[in-house]
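Taken in order, these protein sequences are the chains called B and U. Following numbering that gives the first Met the number 0, the numbering of the first sequence begins with 0 at its first residue and continues without gaps. Following numbering that gives the first Met the number 0, the numbering of the second sequence begins with 0 at its first residue and continues without gaps.
Since the hints were made in silico from the structure, they are not lab data. Beta carbons: idealized from backbone N, C-alpha and C, even for Gly. Some clues are possibly wrong.
Listed below are the simulated DSSO-like cross-link pairs for lysine-lysine, each with C-alpha atoms no more than 27 angstroms apart in a straight line [said to hold, decoys possible]:
(1) 32(U) <-> 396(B)
(2) 181(B) <-> 37(B)
(3) 32(U) <-> 272(B)
(4) 181(B) <-> 195(B)
(5) 181(B) <-> 244(B)
(6) 217(B) <-> 181(B)
Okay, the calculated beta carbon distance ranges per label pair [claimed, not checked]:
(7) 264(U) <-> 195(B): 26 to 32 angstroms
(8) 347(B) <-> 37(U): 52 to 58 angstroms
(9) 504(B) <-> 264(U): 54 to 60 angstroms
(10) 481(B) <-> 14(U): 54 to 60 angstroms
(11) 232(U) <-> 152(B): 22 to 28 angstroms
(12) 213(B) <-> 21(U): 40 to 46 angstroms
(13) 504(B) <-> 360(U): 32 to 38 angstroms
(14) 115(U) <-> 202(B): 57 to 63 angstroms
(15) 479(B) <-> 251(U): 34 to 40 angstroms
(16) 555(B) <-> 539(U): 43 to 49 angstroms
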Amino acid sequence: MSAPKGAGLNAILEEESLGKAVDRALLGRLWAWVEPYKGKVALTILMVVPMFPLELAPAWIVKTGIDRVMLGEGSDGGNPLDALLTAPEGWAPLVWLACLFLVVSVTSSILTYAHMLLMVATGQAAMRDLRREVFDHIQSLHLGFFDTYPVGRLVTRATSDVEHVAEMFSQGLVALVTDIFKMVGFASVLFIVNPKLALWTFAVVPFLVIAAVVFRLKVREAFRSTRVLLARINATIQETVTGMKVVQLFSREARNLRDFEDLNGAHRDAWHKSIWYDSALFSVVELASGITVAVVIWGATGWATAGVIYLFINYMRRFFMPLRDLSAKYSVMQSSMASIERILQLLDTQPAIRDPEPGWERHVAGGEAPPARGEIEFDHVWFAYSAGDDEEDWVLKDISFKVAPGEKVAFVGATGAGKTTVINLLTRLYEVSRGRILLDGVDLREIPQAELRRRVGMVLQDVFLFSGSVAENLALGREDLGREVIRTAATAVEADRFIMTLPDGYETEVRERGTNFSTGQRQLLSFARALAHGADVLVLDEATSSIDTETEAMVQRGIHVLMEGKTSLVIAHRLSTIEDVDRIYVLHHGELAESGSHADLLEQDGLYAQLRRLQQTSSTLAHAAVSASSTTG
Amino acid sequence: MSTVEDYSQDRATIARNRRMMFRRLRHYVARNKTDYALGVFTTIVYAGFFVALPVTVGWCIEALAEGMPVEEVARRCTVLFAIAVARSGVRFFSRVRIFNAARQIEYQIRNDLFEHLQRLPQSFFFRWRTGDLMSRCVNDLTSVRLMLGPGLLSVAQTPVLLGATLAAMFYLNPKLAALVLIPYPLFILTSRAFGRAMHSSNLAVQVGLADMSNHLQETVSGIAVVKAYAMEGHTRGRFGELCEDLYRRQLRVARVNGAMPAVTSLLPMMGMWIIFLVGGQAVADGEMSIAEFFTFSMFNYELTFPIFIMGWVFNLVQRGTASVQRIDEVLSTEPTIADRPDPVDLVDPSGEIEFRDLTFRYPGSDREPALRDVDLRVPAGSVLGIVGPVGSGKTTLASLIPRLYEVERGHVFIDGIDVNDIALHPLRRSIATVPQDSFLFSMSLADNVAYGLPSTEPAQVLQAAERAQLAKDVAELPDRYETVVGERGVMLSGGQRQRTALARALALDPAILILDDTLSAVDAETEAAIQQNLAEVFEGRTVVIVASRVTTVRDADLIVVLDEGRIVERGTHQGLLARGGLYARLALDQAAMEQQASEALALEASR
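So that you can see chain U by itself, here it is in the shape it has in the complex (with noise of 0.2 angstroms):
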């Protein structure tokens, strides 16, 4: 399914695995061990008022076929109604434990991925889908939780209750307890076999559903071109289609699910079948009484569910075995970007960056180095402009100063101190960046610009958005600095979520700010706008410009021209355009795409 699976295990890794796998669950499973412990007791009990029960009603059938008195059968009614009440009340407080629990685990399981998730390095989101991530947070948490609720509360009550009425049944008339029993290994090999086909057809649901709903997503994404090609007809066809193929497999999977239940009501039938043949002739014939005859029609019906679930719950062990293993590849990722043992604690930086003789790969890939022999010193309170083609790796060099990927120690320094010895959590607080896809979280605005801070505080925020130049945009909001952003609210424009983008970074105080190519979709008037303002923002700290147009930088300290991962070229904007290398060629492409035209145009549409 997912790359990551791919990968061939040998027989001692899985072997391993497994051995992991059972640790985590029991660690989980230990933590919630009282009511585990409860649960499991209570279904001892509850086994025992089981068997009880049916015992009683023949007891009770006794004193009515053979005439007893009134006041003794309502005796024994009596006590067969205690009984009844005690086996309800007791498998309440069975069920309530053991479910309760296995959701207590899920809960703590979820706490547990989304703590380790936050963790884990940049480098584990790319080699990981978020829908492969999502599954697991999702599907196996859910099979490891029915493995661990009604899985767990069958694999314990099951083989009681079957000791205990297999018992009873042979005590009371061993010949009739054989044959009953006859039909029910069969029943248990067919309910495991239907449980596979019950689960492979669903599966193949799934992928139908999700066939269609990719199909009617493309559509509606691409819906411009379909209507503009007046494709309607073909992919009309194409749904058509799709829906047929959802709907034969939705049969296959009425035939597979629908035969369970007739399964179900024919195994006491037969169990019945034989009751009635064998013991009612029994009966008649005086060998057996009446009463052991209703004994024996009850277990028989109490009997089915229990059965009939084993081989349910071998396919939910199995499940959920291999959920716990999917989420264990998660949970035993080491997060290799931690704090080490005794960081520094990074108090009032500078906002110095230097980079020594450093040479980047991206974990985990075998392609050519991302940055090769860097070497770089940007002295605090200056502005550095990196400039370069698509993939020369002006974004790593970036990403490299808050420690987003695995970097040695040795090459990458804050005031003079190894990024590596430096507490994260100080170090992140202390550089602010401005993302290339400004990607704001569904919540409100004010939450947004207030992300890195504590809490959100009014005054914070406000001055953070003027800095921005978010400020105007944001009193034409329905809800002010209340407005919901994101997926279920207020969609923003390119330029507001990049401007807001960036009041979340400036509401950081932030001692190095990076701008990573932040303001390339922004329109012209209004990256000439905040550029202006800029400059004050900038007052006091260290600035890092990622860019591709070369305007962007053009006021910098300093400029370095990245290709292929080297520094070719640094210098000042006006002593790079003199030199005529890889920087001029860019300025002149880039103003040949006469770029600044539309900015001109702007700025006279704007007057």
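Looking at chain B on its own, in the form it has when it is part of the complex (with noise of 0.2 angstroms):
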């Protein structure tokens, strides 16, 4: 029964997986985000019309240099560039070239740095767009999506993914075709100049690009395998430091550990097969130019001047420089594209709730909207987190119930009776599967979800407490909602109390995740929140976690100030809450067994009475013990 090893390494593998270098669907999508900067986009390309030139020319001056000035071998000829680089009046040749030489190298640096700080500036700003956008539609997507994304991976599509994207731009794609460019231009000049001698010289070249060809393409796979085991490396050790107690409990460190310098080594040898080749491709690149400067030399007895000479050995030079990280930027637009691809699919999951269109008409008859009250409608739902059509998924069967305007209502069950279900429906964050949920009459899918959920008030049991201040806690956002109004609200439900006893009173950051506030504070937090935010109708998820006896006395007080002249809807954990609610449905395997008031209940005799039975037997014999110890003591 040994573990399937591979399995972590799949899922990393699967998600680094490479395909295409260059995939022109996602390219012409990609498209989408550069389009606003095409201007610059177009200079991008334009600027390297003269930046070409300037690099070829330093190695051409001293080229003329040589034949003209030190070996005194006289003009070429008359055209156009040879009268630029003769010397006017008054200068001396060789001071005059120099002058031309520094020039040239000056701005070809210049021009260089500015066209690489452009293509940067216009990358980055796509990709800040593509962000944005990413964000948005994260954001966007429905909650049962992110139950089975997990948030690492998404965090990685806006991150990592938009910088691999970003790098195409800086390293990958540009700079490729520039590359490959400028080796076909280094090699025509050659031709141009002096073409027996280049035919002679470049028939060494195929020889070496094939072997720096091969050792990249090595380099590159094991490189991607020191990559993934690196990955596996650090899972590893986040995973053991997080369950260290486990660990030494378990006195697993020896088998730990072994396991764990199998896989080191592992990485150790990926790196030093990559070592190999990326020392061998080093290698057989610098040969290469040692050994075309060899090539040259005999090659040009009797054909070529000193001059020619020089301009082969420094443009053969400049030809052999790009190999190197050819295929690198290769392997970067195999990531890029990789990354784009990944990105392209979280953007082309659609969102499984949505607005309706805008201009929807909503009401059947009418065309005012009917002043908001707050009824509430379950018509014949089924619901199933999952798509499948098995019986055994439905979370609700066939649920039907109706809430009158400031009614208050109930709903007790087990652990998976679907109450819960319940209120996400309500809110839309999940969609029903069959039958509807109306709102004042109006289907729940007619509605814009922010209009939704700006009257529909929700509480949830596990208080989410957001990085910021207390009062930005309060006011999530709502830049209308006024100190003053927070302020009144969190007194209602008492809470403003125990802010004034913070450091800062309203601004007081919440640490990570609100570790500084007990659950009782939270929830009262959560109250002051729904309170301010002004719903007509609330839906509550009490809490099941125990809080002290103090502080629960406070909750029960603020959640009656919260349900106030609102429909509201209670999830129950305890029982206690809810006598004096109007109706009370008990839920049983997503069906609704029982409805009615508590009396109602009790007379029915069915599972909530069973319930309550259960319940005094339990307070009976703590009323038992108190009642023995005031004897006894």
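If you follow the hints, you should be able to join the two separate chains into one complex; please do so.
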């Protein structure tokens, strides 16, 4: 029963899978983000036109200097280039050439720098837009999506994946094209200058290029496995540190170390392989420029001047330079493409819950929206979290009920009976599978989500606090909620008292996920939140975790304040709060088993009544204990 | 960055740290001395060929310029060819040697770190955040490797190359050599400045990225709230700001990083300009040969890279030493819980536990003791229940039995032997804990159950799963016992996780079983089922149950009630209820909370 060792690795490989380096369809879609910057893109391409000759020029100037001035072989002819290289009156020929050399080199450097900046600025601006779109899209997705897509991967999409795409701009596509363009350029010039010598020189090139490409491919392969292994190493360390208590409790140290050494060793071996090929590549490129010098000089006997030899040596060196990282750029392209694909896949995920089309006629009969009253109706609602048709997956089965404006109802039932699902459906965080839910007679699907959620206030069991101040956590981005409104709401639910004891009152920073607040305090904060936002329907998921008696009393008072005058639906995990609600619904395996007032249900003598009896016995037991203690004490 | 680094260091400490750091580094380099010796030796050989090449080029050009016979030119070119091949070959060898050695050291340090971390006590992991430890194992290790690989290669190579080249250049033409060298020192300084600027602007981008991904992560984690309160516009605005900020930081990096290649390309240009202007004139005047001109221009280009990289290497070394020091902070932490020189082996223990006059304070904390004056004997085979309010020391007391924290001698005994005297492995092998958070590892379910066993044996796994009521869950998992759980695998429900953790403990067949508030998150239906079955499992073991619900410990042979680290009450369930103290009060509170109500409902539902 050994673990499938590859399982984790496969998952990583899947994340890292590489395909084509240039996928036209993907690039076409990427263009949508680049298009706003097309002027700058055009400029980037145009800049190459003056840059290339400037790069060719210095060696040409030196060649001219060697042949004409140093060796005095005279002018080649009367073309315009020669005219420029001929010193004007009053200038020593060499000084003139040296000045040209300086101007050309400096201009070339400045242009290269400007070109690079422009390229990065354009790419990063497009990426900034892409990032925003990814974020927007993530936010718009339905809640169910987040159950299946790990947070870490979503973060990766907006961070590393976008970074990879950006690399394509700075060092991938453009650089790749420029490099190839340059290599062809250097070769062409050499063939024009001295075809015989060029032919002779380039005879050795294919072997070197092939060697370089082969080694590069090997490096890439090895490099990829090092990345996968490193990811596994880091995941292992992280997991071991997080679970160190269990590691030590179960004396697993020796076995863990053995496994870790294997993994770590595989990583090292992958690197050794990578280093071998990488060094081979490095040496081949170095060798290439070394031996071409020998070949050029040998071949030049009788065919070329010293200046031409200089030109050949110089250009050949530049010809080989891009080879060293040509395929590194290819890899960058590959990983960029894979990233684009993953990002687009995410962007292609359609939000399952959408707002009605603008202009959608909301009301069959009249044009005017009815006044908000807060009436809720579930009309034969079926729901399953998974899309499958499996009979057993239904969480809610044919639920129908109606809550009149201002009524208070409660839902009770065992874990998994579907209580929380009722809330998720009512706020349209999930979509009903069959049937419909109506708010004031309007199908939820015909109400824009923002409007729906402004009207339906929700207090969740797990109170989520964002980093930021307490006040920000109450306002939750609603800038129209003034300090007064927030303060009033907090006071009403008795949260004001503890907030004022905090070091900075309402400006106190909430630490990572609100760890500086107790469960009770967090609940009071969430009540204040809901109250401040002034919804006319309230959905309350009672907290299950136990809190101290004093806070418990505050929480109970807070709930009452909160529910005042609102249509309220309470998901009850304890029964004490719900005796005075208008109606109680008992959910059992996704179906409505019983409903009625507290008294009705007791009379019915069904599930609810049985529940109460059991509850009674347990508190009698406790009471007995207390009375026993008072007699003995 | 981390609180650990905040302590102020006096000068003596710094000096001592540095000495220790060098000792640590020397230790690793010494372990790989053959590789390094060969690497350095070949580097010197390489320097010889490096200098020989431009000189040979001049020599070949000379033959050509002076119109020597074709055979002579060909002969000299063959020599040049041979030197080029030899140079690349030697370079290959030295690179492989030194880079491999650096990877080997990385491997060794990482193993040592991992091994050391596993030996450190829990108190260490309270003080250090996982992120800080990870950054030691990842970023710092990378810095150290870069220092010992490319860094060391350049440190060994550059002086040799530079010395040999300069000697050759000054020998050939002192005046020109001096002139050519003028721009170099300037460039070394600039490259150092660049290195620093690059490092800091790169850090700024990392921070920007981290801020952005934190915001995204928070939004996704709180997506239900975001949607429920229609906060999308607000979070979008914030994210937009963060993106804009990151964009600006990235442009700054581009400005700094991009200046680097611009400058590197300019440096040889300047050298060439001087050679061209001064050397060219000398050739025209007949004071210098064209061969020498070629040699100089070759030297100029070849030198650029090693010289420019010098400034770079300086930064590598600086960062590397800082990282060694940070790694050393972890490695030099003494594992305070370790076997004493001659430990007692615990053979087939009966499972008697005794706390004798125990007062315990978490190491390194100035706070009140977590436990005070605890005197308690748990006979072998009995069941002990520990209850008390949150923070009363229940979990702490249970953690001292398997010696998770440092406890002084003479306070905690198993089978009458001080836990400090028992060898750790047999001690922990005979005690099994089901921890509160039921942490599982991302491996198959079978491997998780067999976590404490020497190997994963199907029979043992099945038996343990059966006892922990896990077996019926397993039947529903996609790959049964081979289902990978955790991070990248199937997410188990809270109850399934706890039953897996329970199975993992039972697989050890322990003499002492500790349930640390294990059943609080399991739904009542399952708790009832597990408890029924547990009676069977408890047979013949000493059991310690830590609980927040009094019902959980109802059947224990002895219940102790902790409050602020003291045992305030002890007795049986009935006895304690009758006493009407803290225990009775807890029972009342919990009954009032009607936990039983939902249990009853669940039971009803299951019928």
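How the hints compare with the structure:
{"no.": "1", "hint": "32(U) <-> 396(B)", "result": "violated (73 angstroms)"}
{"no.": "2", "hint": "181(B) <-> 37(B)", "result": "holds (24 angstroms)"}
{"no.": "3", "hint": "32(U) <-> 272(B)", "result": "holds (21 angstroms)"}
{"no.": "4", "hint": "181(B) <-> 195(B)", "result": "holds (21 angstroms)"}
{"no.": "5", "hint": "181(B) <-> 244(B)", "result": "violated (59 angstroms)"}
{"no.": "6", "hint": "217(B) <-> 181(B)", "result": "holds (25 angstroms)"}
{"no.": "7", "hint": "264(U) <-> 195(B): 26 to 32 angstroms", "result": "holds (31 angstroms)"}
{"no.": "8", "hint": "347(B) <-> 37(U): 52 to 58 angstroms", "result": "holds (55 angstroms)"}
{"no.": "9", "hint": "504(B) <-> 264(U): 54 to 60 angstroms", "result": "holds (59 angstroms)"}
{"no.": "10", "hint": "481(B) <-> 14(U): 54 to 60 angstroms", "result": "holds (59 angstroms)"}
{"no.": "11", "hint": "232(U) <-> 152(B): 22 to 28 angstroms", "result": "holds (25 angstroms)"}
{"no.": "12", "hint": "213(B) <-> 21(U): 40 to 46 angstroms", "result": "holds (42 angstroms)"}
{"no.": "13", "hint": "504(B) <-> 360(U): 32 to 38 angstroms", "result": "holds (35 angstroms)"}
{"no.": "14", "hint": "115(U) <-> 202(B): 57 to 63 angstroms", "result": "holds (58 angstroms)"}
{"no.": "15", "hint": "479(B) <-> 251(U): 34 to 40 angstroms", "result": "holds (37 angstroms)"}
{"no.": "16", "hint": "555(B) <-> 539(U): 43 to 49 angstroms", "result": "holds (47 angstroms)"}
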